[in-house]
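Visitor: Chain by chain, the residues run as shown.
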Amino acid sequence: MQASRFGLLALSMWGLLSVGCTPDLPSQSGQVSVEPLHSQIVNDDYLLRVRLPPGYDSDPTRKYPLIVQLDPTFVGLHQFDITAGLVSEYAAQGRWPEAIVVGPDYPDPNTRLRDYVLPKPLTPSFSGKNVDLFYRVLKEEILPYVEQKYRIDSSQRILIGHSAGATAVYYITFRHAPPEAPLFSAAIAADNGIEEGFFTVERWHAERTNSLPMKLFTTRAFFNGAVQEITYRALVDRIRGRNYQGLSFAEETLDTDHGGAIRPSFEHGLEFIFGGGK
Amino acid sequence: MSRALPIRKGSAAALCSVLCLTLSATGSAQEPSIGIPSGGAESGHPVHVRLDAAATYGIGGQSYLGIDLKMNGYMPIWNTRLATGTIDGGLVLAYGNGPTWLAPWIDPAQVEGATHHISLLVRIGHTFHMGSRRRASLGFHLFAGLHEWISSYSVLYANEGVSGSSTVKRSLLVSGGELDFAYRFSERVGLYLALSAPFPYQSSYAQTIFHAGAGLTFYLR
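If you read the sequences in order, they're chains A and B.
Mapping of the first sequence onto the numbering used here: position 182 corresponds to residue 214, and the numbering continues sequentially without gaps.
Mapping of the second sequence onto the numbering used here: position 153 corresponds to residue 137, and the numbering continues sequentially without gaps.
Hints may contain errors.
Taking beta-carbon pairs under 10 Å as the criterion, some of the chain B residues facing chain A (in silico) [to be verified]: (1) N81; (2) A128; (3) G129; (4) E132; (5) W133; (6) S135; (7) Y141; (8) S149; (9) S155; (10) S170; (11) S187.
Heads up, simulated DMTMM-like pairs for lysine to aspartate or glutamate below, C-alpha to C-alpha not over 20 Å straight-line [said to hold, decoys possible]: (12) A/K152 with B/E144; (13) A/K171 with A/D287; (14) B/K153 with A/E67.
Away from chain A, derived, C-beta distances all over 12 Å, residues of chain B [to be verified]: (15) I61; (16) L77; (17) G82; (18) I134; (19) V139; (20) L140; (21) S150; (22) L179; (23) L200; (24) F202.
It is worth saying that the hints were derived from the structure and are not from the lab.
Each residue gets a CB set at the ideal place from its N, CA and C atoms; glycine is no exception.
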């Protein structure tokens, strides 16, 4: 467990270094605010970064898709800013709908490793810690809070995660258990190490149901090398082989490294989701 | 035909003259000292030759250990009482191996293999040879050339029936800078230290962030 967490942290640090100086960020529109939310489940505070679209206050009847961006500000990778900026630019062009972007952040950014990693041992009852609990934080605390406070179309929830954040994306995707709908209608899992536990969680899902009514977009970075290529291909092939009912799935290998994969993963993924990808 | 014959005779004569001058110059020129001599005074601009051999540690997507071999010619271009400056040029052959045991996040029960870095570079720069005996030297060099990145692994997730092996590779043009230090403790051998980093920066995974080396330098000429 320690080795996996260290690995995820190391992978993220090298991702930062590969980006180098401040990346070229898409320009944002709308308003951004930060508000605290205390979680009873993990007994800790979150800082919710919220981007509201321009003109949000002008139409009190309009509801917006929700994008939950994990790792909003981790190690200067600007993931929240990238997603909010992409939505701003593409919505202004009329190519995507406007959306509310929420980034659950932390006073200590390394807290992400508490929330995103798979618990050891994994149990089909999902009664462990780590992402078992974070799933409940999202479902029982963060989503109800933001959907009560802001005008959100709860049928259009999108989850985006990179690296360890993508671990949480895969887990949350495959935690779906009918008759409940998936927690998110779409998800982007951007470039992470594919542990054996991913295959376990996916297998448990397949044993419960043959449906997965959502859009899923995954990516890997070429320069992560052969280990990721082997495991990523195996997971992609397994997902495709299930022929899940209702699933729209696409994946892409990006000719870059771990840090360079962030923006194209988010951009291509949101294009797949908003652009009617099948 | 008749006009070509005098031209050929003239060319042959000129060639012979050049050859004779060269031979006479070579014959009368002294062999340069091994390395920069004490005091730095030398006649002409002799080219000295040094072979640097260093064990290296580098870091990028993961750490690696390797070896650098650098063959350099260096020619004095200025001299003062306490230092001589040389202009340097040469070739670098480098290899780095990134095994799984240098990547603590990798479970060796599940993953086998390594990442390989192979470089063939051209290197130019300037070195300060310092001290009255010119034993210490500090060099600043730029390098550029070919870098081959190879990632070759096999994976086994036994509990989930996942297994496979793969090799991915990429050839890159790389460039960067290097700082090196040598201390000559005998006529032919010295201590060698180096620190280098690529720029412009491409990707830490393929090109690395920096590497450091320590070893010996051999004064050949």
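Visitor: Could you run down the list of hints and mark each one as holding or not?
Guide: Each hint tested on the structure:
no. : hint               : in the structure
1   : N81                : violated, 14 Å
2   : A128               : violated, 20 Å
3   : G129               : violated, 19 Å
4   : E132               : violated, 13 Å
5   : W133               : holds, 8 Å
6   : S135               : holds, 3 Å
7   : Y141               : holds, 4 Å
8   : S149               : holds, 7 Å
9   : S155               : violated, 13 Å
10  : S170               : violated, 40 Å
11  : S187               : holds, 4 Å
12  : A/K152 with B/E144 : holds, 16 Å
13  : A/K171 with A/D287 : violated, 35 Å
14  : B/K153 with A/E67  : violated, 46 Å
15  : I61                : holds, 35 Å
16  : L77                : holds, 23 Å
17  : G82                : violated, 9 Å
18  : I134               : violated, 9 Å
19  : V139               : violated, 5 Å
20  : L140               : violated, 9 Å
21  : S150               : violated, 4 Å
22  : L179               : holds, 17 Å
23  : L200               : holds, 31 Å
24  : F202               : holds, 35 Å
In summary, the structure is inconsistent with hints 1, 2, 3, 4, 9, 10, 13, 14, 17, 18, 19, 20 and 21 from the numbered list given earlier, while agreeing with the others.
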